[in-house]
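Student: One letter stands for each residue in the lines below.
Number of protein chains: 2
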Amino acid sequence: MVKLAIDMMGGDDAPHIVLEAVEKAVQDFDDLEIILFGDEKQCHLNHPRVEIRHTTEEISMEDEPVRAIKRKKDSSMVRMAEAVKNGEADGCVSAGNTGALMSAGLFIVGRLPGVARPALVVTLPTVSGKGVVFLDVGANADAKADHLYQNAVLGHIYAQKLRGIAEPRVALLNIGTEDKKGNSLTKEAFRLMSETDQFKFTGNIEAKSIMEDEADVIVTDGFTGNIVLKNLEGTAKSFGKILKNDLLSSLKNKLAALVVKNDIKRIAKQLDYSEYGGSVLLGLDGIVVKAHGSSNAKAFYSAIRQAKIAGETKIVENMRAKVGDSDE
Amino acid sequence: MVKLAIDMMGGDDAPHIVLEAVEKAVQDFDDLEIILFGDEKQCHLNHPRVEIRHTTEEISMEDEPVRAIKRKKDSSMVRMAEAVKNGEADGCVSAGNTGALMSAGLFIVGRLPGVARPALVVTLPTVSGKGVVFLDVGANADAKADHLYQNAVLGHIYAQKLRGIAEPRVALLNIGTEDKKGNSLTKEAFRLMSETDQFKFTGNIEAKSIMEDEADVIVTDGFTGNIVLKNLEGTAKSFGKILKNDLLSSLKNKLAALVVKNDIKRIAKQLDYSEYGGSVLLGLDGIVVKAHGSSNAKAFYSAIRQAKIAGETKIVENMRAKVGDSDE
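Protein chains in written order, with our numbering: chain A, 1 to 328; chain X, 329 to 656.
In case anyone wonders, no lab produced these hints; they're calculated from the structure.
Remember, predicted model here, so these are calculated numbers, not experimental data.
Every residue, glycine too, gets a C-beta built ideally from N, C-alpha and C.
Don't take each hint at face value.
[Stated by the list, open to error] Sample of chain X residues at the chain A side, in silico, Cβ under 8 angstroms:
hint, residue
1, 330
2, 536
3, 556
When you get a sec, could you build the whole thing from the sequences and use the hints?
Tutor: Here's what the structure looks like:
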């Protein structure tokens, strides 16, 4: 049995899509229990494995993260994180304010011993459809080389446990594939990763190869990772726009364009990471999954499923065992 | 009259495509003179405004940049850069080894007084087709905040002179649009740019908006810029692949796919910066244009044209006047 705490109030279309996703999840999985945190008046759900706990405050997308977590003690997000902290729940899922959820993870759930900086991980689409684990996408914008090394360790365990890859190929995102390439940060991180036997390091990878299935885990700092993530999102959208304009403007292709328009839209969506369920905050003493703010019920459901698998595969316990030795 | 020095031997398809591009350029522009550096036996060109100077060495794509520039004194690239240095030519164009060309720029052509680090600039495609000036894409991987500030000054002049934008909107690439967002580098660069009246600073821009025509100049460090450039290139290619596979695999769309296949290919190409003629090394005491290694004659021609406009609009003199005051 896995027990998850869920923020009913976070996200653009909450609580509606959250409730729909929770309802489907408890129907699909007999071994799942949910504690919902939010306004009980807005919760119509009635299921033996869903418990509702009433909260009186909400953290909005505009709230300053750290302040919100410290002041809004009866918010759905804070109470959800506390349920993980005190062991009532194995993990939690929220589509609310990303910064606030990271702060809740850091200050309420807490870091694992030995983890210097938690990292936010996503699975990016690849040409084969298999996907690639990519981190950090924004938890730690001023990373040092040993943070990147630790991201590699965490990403490696994530790929093994959540994606079922026995020996993941771990690569470092860099501005060239040669060993000596990079800025001072990646040169030093390359050195650290080359010397390890904690995971299989396959060297540098360039940003043009991210979706080409050349690695199972790609490691970078939170600034670069966030830039890549949003560039990918933007390129897919802009590409879709250009393609649509272009196809529709060409008279001879008008018919063809109408036929393929929906395909293009769907594929642009496929390249949009926000469709890929949740991102997970790794390195914490509990499972914290962030669903995209604009999640629909399907995306939130997939974030719940991700948290459930993370609970079953004991990802936190695995990370504790691997990084617990070396304290900061 | 503008006089350009050109590396006949650089690039995957040299000297063939270089000669073809030069021939067309001197035909199209009456006020253009060319000095070609390379193996005279391979040069069939005979034109009153094209002079050939024989060189005996070549710098390959595999050569270590600084060493190649220092040792291969009779290479086409070194001799070309020397022609700019000694004032024989207003600028130069090469499709050869990028690192070597940057080294030739730094050590032979030399920096402008007051420029701490030269920057490599490209024009990226945008949805409107107008394009956006983007720098640094790889000259300076370990940038400091004042380097980013200087990139903004150089990019601003480039947008005015080469793209004819009277008052370019200059934005800083960052991981959020809010003023306080970023890593320590971008936070400090934001502060410097906010306080200036040297250019119109419009604040932070996210990577998802690069192609959305929200800015005329986007400034970043050489590491991040290179990652974005290659990510853009990769996404366009991967997107094209996924789209093609997907469309062709769907039976009902087979006909439509055949019709639009070439359009898709062309648009993926449109998103590939390498098609956009040359990138320019800014901050040097002369015009240095890098054509992509895989340039065809058309792309090399457009790099020549770019160097010619840079000469006519006296971009180097403008930059000298703007940054000359403050030495490092």
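Student: Against each hint, give a clear statement of whether it holds in the structure.
Tutor: Results for each hint:
At about 33 angstroms, the closest approach between the beta carbon of residue 330 of chain X and any beta carbon in chain A exceeds 8 angstroms, and the interface hint on this residue is violated. Look at residue 536 of chain X: its Cβ gets to within about 3 angstroms of chain A, closer than 8 angstroms, so that hint holds up. The interface hint given for residue 556 of chain X is met, as the beta carbon of that residue sits about 6 angstroms from the closest beta carbon of chain A, less than 8 angstroms.
Hint 1 from the earlier list is the only one contradicted by this structure; the remaining hints agree with it.
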